[in-house]
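Top to bottom, those sequences are chains H and Z. For the first sequence, the working numbering gives the first residue as 20, with consecutive numbering after it. For the second sequence, the working numbering gives the first residue as 4, with consecutive numbering after it.
If you are wondering where the hints come from, they were derived from the structure by calculation, not from laboratory data. Treat the hints with caution; some may be incorrect.
[To be verified] A short list of chain H residues far from chain Z (calculated; beta carbon distances all over 12 Å):
(1) 39
(2) 46
(3) 122
(4) 141
[As the list claims (entries may be wrong)] Cβ-to-Cβ under 8 Å is the rule here; a few derived chain H residues that face chain Z:
(5) 59
(6) 153
(7) 156
[Said to hold, decoys possible] Using 27 Å as the maximum straight-line C-alpha spacing, the simulated DSS-like pairs for lysine-lysine come out as follows:
(8) 202/Z with 43/H
(9) 37/Z with 170/Z
(10) 46/Z with 37/H
(11) 37/Z with 98/H
(12) 43/H with 37/Z
(13) 170/Z with 43/H
(14) 379/Z with 165/Z
(15) 544/Z with 572/Z
By construction, the Cβ of each residue, glycine as well, lies at the ideal position given by its N, Cα and C atoms.
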Amino acid sequence: MSTSFFLNGVLVEATSNKTTPLLKVIRDEFFLTGTKSGCETGECGACLVLLDDIAVNSCLVLLGEIEGKTITTIEGLNKDGILDQVQVAFAELGALQCGFCTPGMIIAAKALLMHNPHPTRDEILIGLSGNLCRCTGYEQIVEAVESILPYRTK
Amino acid sequence: MNIIDPLRLKDSVFMKNPKPFRLDAVDKVTGRAKYSADYYFPKMQYAKVLWPSVSSGIVKKISIAAAQEIDGVTLIITRSNISGPNISGIFQFFDRPILIGEGEIIKCNSDPLAIVVAISEDIADHALSLINVEIDPIDHADSLYDALANNDKPVFEKTIEKGNINKGFDEADVVVRQNYFCPLGEHAYIEPEAGVVYKSEQGVINIIVGSQDLTQNQRMICKSLELPFNMVHIHSPFVGGAFGGKHAMSVQVYLALIGILVDFPVKMTWTREESLAHSCKKQGHIISATLGIKKNGKITAFKAELVGPCGPYHGNTQDNCSGVLAGMIGPYNQPNIHIHGRMFDVLLPELGAFRGVGAPDGNFVIETIIELAANKIHMSGLEIRKKNWFRNNEDIKTLFPGATARNGSERWCMNEVVELALSKAGSLPKPSAPNRFVGRGFANASCAYMNGNTPFHKGSTAQIDMFLDGTIVVKTGFAELGEGITGIITHFASVGLGISEDRISVNLGDTHLTTKSGALGFSQATVNLGNAILDAATKLKNHIEFLAKRCIGAPNKEIEFRNSNFYYKHTNDLACEWQTFSDYCFHHVEPLSATGRFVGDLADEYQYSITPVACIADVEVDPETGNFKILQIIQSHDVGKVIQPESARGQMVGATVMQIGITMFENFMMDNGEILTPSFSEYLIPTTLDIPIINEVHFFEGNLGINCPEGAKGLGEHGMYTVGAAIANAIFNATGIMVTKIPLSPETFLEASGKIPSVENRCYDYL
Numbered sequence: 020m021s022t023s024f025f026l027n028g029v030l031v032e033a034t035s036n037k038t039t040p041l042l043k044v045i046r047d048e049f050f051l052t053g054t055k056s057g058c059e060t061g062e063c064g065a066c067l068v069l070l071d072d073i074a075v076n077s078c079l080v081l082l083g084e085i086e087g088k089t090i091t092t093i094e095g096l097n098k099d100g101i102l103d104q105v106q107v108a109f110a111e112l113g114a115l116q117c118g119f120c121t122p123g124m125i126i127a128a129k130a131l132l133m134h135n136p137h138p139t140r141d142e143i144l145i146g147l148s149g150n151l152c153r154c155t156g157y158e159q160i161v162e163a164v165e166s167i168l169p170y171r172t173k
Numbered sequence: 004m005n006i007i008d009p010l011r012l013k014d015s016v017f018m019k020n021p022k023p024f025r026l027d028a029v030d031k032v033t034g035r036a037k038y039s040a041d042y043y044f045p046k047m048q049y050a051k052v053l054w055p056s057v058s059s060g061i062v063k064k065i066s067i068a069a070a071q072e073i074d075g076v077t078l079i080i081t082r083s084n085i086s087g088p089n090i091s092g093i094f095q096f097f098d099r100p101i102l103i104g105e106g107e108i109i110k111c112n113s114d115p116l117a118i119v120v121a122i123s124e125d126i127a128d129h130a131l132s133l134i135n136v137e138i139d140p141i142d143h144a145d146s147l148y149d150a151l152a153n154n155d156k157p158v159f160e161k162t163i164e165k166g167n168i169n170k171g172f173d174e175a176d177v178v179v180r181q182n183y184f185c186p187l188g189e190h191a192y193i194e195p196e197a198g199v200v201y202k203s204e205q206g207v208i209n210i211i212v213g214s215q216d217l218t219q220n221q222r223m224i225c226k227s228l229e230l231p232f233n234m235v236h237i238h239s240p241f242v243g244g245a246f247g248g249k250h251a252m253s254v255q256v257y258l259a260l261i262g263i264l265v266d267f268p269v270k271m272t273w274t275r276e277e278s279l280a281h282s283c284k285k286q287g288h289i290i291s292a293t294l295g296i297k298k299n300g301k302i303t304a305f306k307a308e309l310v311g312p313c314g315p316y317h318g319n320t321q322d323n324c325s326g327v328l329a330g331m332i333g334p335y336n337q338p339n340i341h342i343h344g345r346m347f348d349v350l351l352p353e354l355g356a357f358r359g360v361g362a363p364d365g366n367f368v369i370e371t372i373i374e375l376a377a378n379k380i381h382m383s384g385l386e387i388r389k390k391n392w393f394r395n396n397e398d399i400k401t402l403f404p405g406a407t408a409r410n411g412s413e414r415w416c417m418n419e420v421v422e423l424a425l426s427k428a429g430s431l432p433k434p435s436a437p438n439r440f441v442g443r444g445f446a447n448a449s450c451a452y453m454n455g456n457t458p459f460h461k462g463s464t465a466q467i468d469m470f471l472d473g474t475i476v477v478k479t480g481f482a483e484l485g486e487g488i489t490g491i492i493t494h495f496a497s498v499g500l501g502i503s504e505d506r507i508s509v510n511l512g513d514t515h516l517t518t519k520s521g522a523l524g525f526s527q528a529t530v531n532l533g534n535a536i537l538d539a540a541t542k543l544k545n546h547i548e549f550l551a552k553r554c555i556g557a558p559n560k561e562i563e564f565r566n567s568n569f570y571y572k573h574t575n576d577l578a579c580e581w582q583t584f585s586d587y588c589f590h591h592v593e594p595l596s597a598t599g600r601f602v603g604d605l606a607d608e609y610q611y612s613i614t615p616v617a618c619i620a621d622v623e624v625d626p627e628t629g630n631f632k633i634l635q636i637i638q639s640h641d642v643g644k645v646i647q648p649e650s651a652r653g654q655m656v657g658a659t660v661m662q663i664g665i666t667m668f669e670n671f672m673m674d675n676g677e678i679l680t681p682s683f684s685e686y687l688i689p690t691t692l693d694i695p696i697i698n699e700v701h702f703f704e705g706n707l708g709i710n711c712p713e714g715a716k717g718l719g720e721h722g723m724y725t726v727g728a729a730i731a732n733a734i735f736n737a738t739g740i741m742v743t744k745i746p747l748s749p750e751t752f753l754e755a756s757g758k759i760p761s762v763e764n765r766c767y768d769y770l
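Bound-form chain Z, shown alone:
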């Protein structure tokens, strides 16, 4: 009997080329796929968070008496219910309180005051409205503009330096200066934060929550609430998008706190408005950049000064700032660099990692200022880039020490990747009307961001268990966010053990399956988990071959496991049939299980993913109105071996559209701690009507990464790096106007072209 879900492989008359679906496809097209909010339990109650009415102040009093008297309210949790340190956070940054109590300080709009548990969400909401809170507001820098005007001390500061910057500018024939503005952004996963907590035997607290990083989330709960790790079991079902926004603290810590205090199941679901207001945010910043260049196209100096806002909690402040700074280096072997960044504490929610962790925004700076320089020295931007690219591994290592582990190959395929994009772009289309202009923009990147070899990110473990019928289950802490990890796991388990994919199932997203999942971030899951699975598969294969030799009483023979049987290596004769082996293991109670691990080179501070990316954008501009039409975006990447072409393409064309949103209209705005973009009616993300007419991605399998499974370097963030700059360069090419104030909207275009007055402080005020 076929044990596979009959829906999973069902052929259809509608299919042109019948093939197995993506492994999560049938679950997702039938509505059978379960996400955190889809779990229901008998006697389940609902929890809601009381958020503060101001973003900065001392809590004088929290009166819960009136709310407690409502029928259906079971429990109201305040600071006094927490016996542990009450400080949570991520990575090495434990700085974020769970609840703010009387006499304590509210530092941002995401500092909760109480949690109501009730028999329905409506009752919980009603109870929230009856909790009376007295707060003495405290004056605090509301925006970056305030923080700079107040001469506030930065909470984080970093400099990247190389060579002698003054000497570099002295050598330059032309110096170009440009100011950049980039607003805050929202991850805007379509699934808002949600989770369910329930207790099981021995009082274990089980939390169902969508997460990118289960090990980290378990740690943030256990440390802050002083719980043993074995008593906090997190399971991540399907996750409805994350993009870096589901590492940080959201519902999981509150659910654990509830789980300590009650014995019945409780669900917490954030509304879209809560998600927008209280989840972590993509960083924003202001940058002034200066590039020195010789007439022959050699860059002699690059200087940049970044100031950016952050909230009071710093789980991602450093990474975000460092990411933008490193991104500004671009794929160039620059002799003289001085890049300096400062982050200031203002009234914001915590910053979060956002697909590329700032590096794509840094790349926007270098890729547009090069185009301005090209215009000045009358040379094509591409020619300048070619003259300044990294040449080899040594060049890369001078800028990114430790960039050896992942793909430190001498084969640097930037030229091939660029040529691939150019070959697909065709000729520039004609404008659709006489008063419009069409331009083509180009950008490239090295995506040289860190692959997170810090103790908190690096490596992964995986376990493979084999059943006595020869089928296997792979266990990992990673979750399926839509990136296709289920297919990656199945592929590598199949390759490693020589078992067909239909005999493999996966258990995903669970803290109690393996000791460390590793983070689903920095595009690293394929490398970390793929290697861990190959390691486990090798160990398991060796183990069962060893057992098979015992089984047939031939310990000195060479035996190989293949097609679910055992063969003599030299003669290829059958040595042992599966059933005989299986019976032997059953009677001798032999465990058929192996755990694999992967960790980067411990000597490296970071592992770097160095993936050449190129992008071409064709944009039509109406200079009178500033309206744009994106005609085509062509991206090309060398991500090494592409394991799942359909998923890889989906991620990259998806990133193109996400970056169109981030570049052209997304703008998360706050004023005095109040959200001005509280829903999807104000915070606009791309719809089908915003996509390019042509959106293509092409993969060049040139540099197969060293230490990468089958040479696959992984992907996910790469699609974000070049699209924004290519669009800005296309508009520059069409009109001669470079817009570097994002969002690159009709309004900012008309400002840059002098048709409407520039309102400098408007943006600063909201940053």
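Next up, chain H with everything else stripped away, as it sits in the complex:
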């Protein structure tokens, strides 16, 4: 029994067992390795993907739950070679070091801005609080998200 869903804009059929965590399906079946596995228990946020327009830890979502839904991974953010503005901001501000948390962090920032286009600094901190980063101290990450704000239309 396969499961159909939209993955980065394309309708796909996953053949994994329906109780398989989405993280494993994304990585092991579709080889989209930008989604990282850091803990498999929802503690680190490295595996964040967009489920429709909500950021979810893909290690905590089972394949059976996403039938017909839309999943966007980090690979789905840049379109036709053009980086998403959140990706540009992270690259421009050097808001990364080892880069392992970066895809999840960008998805978290993307989801935050989709729901709250003009977050305050505190709202950014809360919005990113489910994502662990051991390298950056979060400083340049928060600055990257803040740098996007002046360019957004009201």
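Position chain Z relative to chain H; hints supplied.
Leaving out everything else, chain Z in the frame of chain H:
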């Protein structure tokens, strides 16, 4: 055609000041960057390790029959599959078995019993549960408390002595004593240990694994499994953080063992729980310190006694203990010192190097006890520090023999660095409520840790190959851990050859590219690799200039390579166009390649990085609850020339937050070999909600290091040295209560202030 990745330099309407991104930035923001676990191969299988159920015992029997019968299990590896010495380890310490077999002794929770290879991770996990192991437990000191109570013999002991300590205390007007507790810690890189092994032509065993030290990892595999070095090829892709935790033995040795036995690719990925339980650990310790001081602020004596636990394997035991001991000297020219440390074998995983290798914890001791002394003699802590700083290179050399190679300049810029931090701190903010207090703490350090000039750490080699279109590739064994080494390599290759950065690519992290990578540790990569690249670039430039003279038949002319063409030195006229030169090299089959090397002064036992650092912390305290709010942390450093300001800043503000975690809530706990902090739900590291309101770092390019490329002394660990003590001093300044039992939490604050009873043995039991 522009051969550069179109994404790499793509401008965007969102960019305020269009500039090239950090060289690994686009790979990392698009998810294209590959880490060890991101490699997939056809017919790849999965491996899992069987860890022991107890931390100390004799293995009576390992029964694998039931597990072997499961469909999908390909191989179960036990001790009997190993024909070599079965002893691995790092540096000069070869003491760690790969697998423990029947009749052999389990000495810690990280001594594996078997490895299962299966077609899926689930099947491998199931098979692990069916392996029946009989173990006779052995009584062993479980904690430092036990080891001391048993009068165990220390496995390592070291003393740093200078002057006459008794005379020093006799001369003191005031003597201050303080006890310190520091728990074990976890590196907590977000990428858990993972790797893939596959065989290639001629049976070469290829291992893809994130590593800080490829040369060392290759050596640990080859020695323990009796393999020739050329048959073990390690490639380190992007590494998801390391912080000192990815030198030591983890998946790489097990993967090599698997690679000997099977012909298909095999992946081993540790879970977060496995990573926390079985990776090497940051050291912990108990210290009792005594400082003698005169009323005029001159330190007359400093005495400290350290006891610390370590596991049964000692790759990092000595360095960790020595690091804490040396860190306690601080940046001070102390006349009389007696610092003594002992390490005891308890039921722990191996200790590992952790960002600063103990020295930041040592600095915490001296920087807080000075503040206590300042309070006693009614003088500011800063004034005491100024009266006791190293003055010059001679002062430094008396404490750190051999501290000449790296930045033995007479210009000791501590005062400038301190003034820089003070000038940025502003005035102390008001408390947010009447029942709260705000305090400011200060700390400084010399970061005088060894730069690893031992045969196992020192130096580096690099190779530059030039293609016939004039583009170049730089080859090195160093890996990109996020420290920005890709940018450093590109910068120095560009400077050395006079070629623009967009014509340079790098091949990183590979044992088969150069003969020695050197270790990514002790903040030394910029110095070692930067110099090796400059050396290679100089050699290559000389070589192609020599060839160009041959090409135009003018062997006696002076010719210079510049902007991809050759010019006469005296007239600046064009001597030879690139295409002519390139055609000549093509027809004559001339290799355009050079290898560079850098090694510290061989006469020095160690190279020392001596970097002045200062830190100011403003903390708000609620003395009723012990809750803290870190208002600001300002750090300043003299790291010499800053090559990549954005990366340098990122590393230092990142270190600030890491040190906030280590100081204020991280606490790796074990009881009888069982992990009490098995996941990120128990072992807490800082999130965005724990960062200071203001987190700044300022660089003072004062003392450009001698023998350092462009005067860059390198950085990485420096950010760890002063933050903890500055926070403790700020809380002391706000409340009059000095908390030196880490983690410096509301609980330990309330204990120190006498509001709740102190539970002395609780911490000891877990150390």
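So, going through the hints one by one against the coordinates:
1. 39: Given that some Cβ of chain Z is not farther than 12 Å from that of residue 39/H, nearest at about 9 Å, it is violated.
2. 46: The claim is violated: residue 46/H sits with its nearest Cβ about 8 Å from chain Z, within 12 Å.
3. 122: violated, 5 Å
4. 141: With a cut-off of 12 Å, residue 141/H comes too close to chain Z, as the shortest Cβ separation is near 9 Å.
5. 59: It holds, given that the least Cβ distance between residue 59/H and chain Z is near 6 Å, below 8 Å.
6. 153: Holds: closest Cβ of chain Z sits about 5 Å from residue 153/H, inside 8 Å.
7. 156: This interface hint holds because 3 Å falls under the 8 Å limit.
8. 202/Z with 43/H: Holds, at about 25 Å.
9. 37/Z with 170/Z: Judged against 27 Å, a Cα distance of about 60 Å means the pair is violated.
10. 46/Z with 37/H: Roughly 23 Å separates the two Cα atoms, so the pair holds.
11. 37/Z with 98/H: holds, 20 Å
12. 43/H with 37/Z: holds, 16 Å
13. 170/Z with 43/H: violated, 67 Å
14. 379/Z with 165/Z: holds, 25 Å
15. 544/Z with 572/Z: Holds, at roughly 14 Å.
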